[in-house]
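Colleague: The lines below spell out each chain.
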Amino acid sequence: MVAIVIATHGNLSEALIGTAKMIFGTMEHIAEVTFKPGEGIEHLLDKYQKASDGLGDDQVLFLVDLFGGSPYNAASRFVARKPSMDVVSGVNLPMLIEVLGKRLAGASLEELVQTATAAGTDGIKSFKDVFSHQKIANSAQEDEGDELG
Amino acid sequence: MNIKWLRIDSRLIHGQVANNWVNHVGAGTIIATNDSAAKDDLRKTLLLQVAPGRTKSYVMTVDKTARCYKNPTYKDLDVLMVVESPKDVLRLMDQGVDVTQVNVGGITFKEGMTLISEAVSVSREDVEAFKELDKRGIKLILQQLPNTQASDFMNRLKSKNLV
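These protein sequence lines are chains A and B, in that order. Note that UniProt numbering numbers the first sequence so that position 11 is 11, with each residue one more than the last. Note that UniProt numbering numbers the second sequence so that position 122 is 122, with each residue one more than the last.
Pulled out of the complex, with its shape left as it was, chain B reads as follows (with noise of 0.2 Å):
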């Protein structure tokens, strides 16, 4: 499996997503992965709604996901990936997915996190979480829409004082 593009994403899969991301990347497959929507069957049902018909589209558990990763059968396949947060990325990475780089996209802000743009709040454990993937060398790069402004998501984290 050939992962084109790695998203943060808290919605997962909705219109920036399906509209731009997918033909930005020239990815064929979205793979949303994320526990708690593969494990309830009107959410994922929802999600795979809003995927683009062209596109095949799939809500697998961070296991599963690892799983289809490594079968060989898939090893020419291209995916936009897209999960929830970056605890997730360590997850995939500990179960053997290779990732070199993240797109911090949209984070929804809840009680208790702190706003980093105009579409990404970090709790504690996400800025925990993200200052692993750091030390991973993973590059982290802040985006939102394939024609917005990129930038360097660990600087940003520096300016807010949360690294």
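Chain A on its own, in the form it takes in the complex (with noise of 0.2 Å):
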């Protein structure tokens, strides 16, 4: 299985988790890095390598939240020289989600990057634009005949 590792700015990582588990459940092969005021890039690698240890899986996708930011930079330095390692940034709920999903179906690592990126932005719309685009539903004539609609 793939590991999850989120890394954030603050807690938002722990409490990331923390909702996932209520839209998804247990989940396991997961760990959270925060990264707290007066830490540097070498704290990261550091909390990297343990979660990595601690995980003990050969693949490892890390889910930061900005991209360029310190979770990031470091996680980009600790992946560049391993082929069984990824990092997507820019990571949200849907996000999570679908890549969990995904990872309970078996998916690679390179599945798993696919999913994150496309999830991440696709969870991303305005209510009043999906609406317009949107065929309002017309109950009365629909409730008619058997056929699906």
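Treat each hint with caution, since some may be false.
Label pairs and their computed distance ranges (CB to CB) [claimed, not checked]: (1) A:Lys50 - B:Gly112: 33 to 43 Å; (2) A:Gly40 - B:Gly53: 17 to 27 Å; (3) B:Asp41 - A:Gly40: 50 to 60 Å; (4) A:Ala118 - B:Glu128: 38 to 48 Å; (5) A:Thr117 - B:His14: 40 to 50 Å; (6) A:Gly68 - B:Ile141: 42 to 52 Å; (7) B:Gly112 - A:Glu147: 31 to 41 Å; (8) B:Pro52 - A:Phe67: 22 to 32 Å.
FYI, nobody ran anything at the bench for these hints, they're computed from the structure. The beta carbon of each residue, even a glycine, is placed where N, CA and C say it ideally should be.
Can you join these two chains into the complex? Each is in its own frame, and there are hints to help.
Modeller: Rendered as structure tokens:
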């Protein structure tokens, strides 16, 4: 199984995992790393090493908050020479939920990276925009016959 | 129509159903069977909006669901069906829909109901309907998510002295 490490500024990573549990239930092979004020890249590298050792998986996907931020920069350095690891930035709940689902279905690291980038952006929608492109249901018409709709 | 999974969930189609159960049971179609949602154009539109893009989704009344169930055009269709209450399961059965087991997933708490689990509350009316389902030999499974523990729902009602 591909291990997942969520790394963010502050406690977001812990909270994201807690929230994901509400939707996804129990999950394994996942760890959070927090980046606190006063810490530097070296602290993060150390935390990444401990997290990946603790998980014990060959393959690791890092989901980090900000592109170009310290959790991202440290993760990039951590995975640069490891073909079985990758980093995706912009972690959000839709991304995490999709990745967890695909991982459970046995997806490879490459597939999970694709899923993460797609789901991370697909989850962002304006209600009015979706609504204006959607056909409004017409129940009076549709409640007849024996055909789906 | 092949009902791969029949779930009681008062929120009908939402994140847990859309993301987890569809993948878990391997159904390409979600049918939310509920009279009031099917007759409420806005609610129906919103339910269809949250259904995942790759699945076909429908919001239909109990009567119409039963009619579609019997339509031979859909004999090979794998369906995840969601209803709001045990009473609607009985109504479906009374109209010829075959049911062998029901997943009790989520019933939102309202005044006067008894809390059964983190996600399920039951009214007196619900308990009567569950008793009838049990009498008809339907297996009732209490389970919120595919990867959370499943338990026997009637045992749970008994442990709460509701039956």
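Colleague: Each hint should be assessed against the structure and marked as holding or not.
Modeller: Now the hints, each set against the structure:
| no. | hint | result |
| --- | --- | --- |
| 1 | A:Lys50 - B:Gly112: 33 to 43 Å | violated (51 Å) |
| 2 | A:Gly40 - B:Gly53: 17 to 27 Å | violated (42 Å) |
| 3 | B:Asp41 - A:Gly40: 50 to 60 Å | holds (56 Å) |
| 4 | A:Ala118 - B:Glu128: 38 to 48 Å | holds (46 Å) |
| 5 | A:Thr117 - B:His14: 40 to 50 Å | violated (25 Å) |
| 6 | A:Gly68 - B:Ile141: 42 to 52 Å | holds (47 Å) |
| 7 | B:Gly112 - A:Glu147: 31 to 41 Å | holds (39 Å) |
| 8 | B:Pro52 - A:Phe67: 22 to 32 Å | holds (27 Å) |
Checked against the numbered hints listed earlier, the structure breaks hints 1, 2, 5; every other hint is satisfied.
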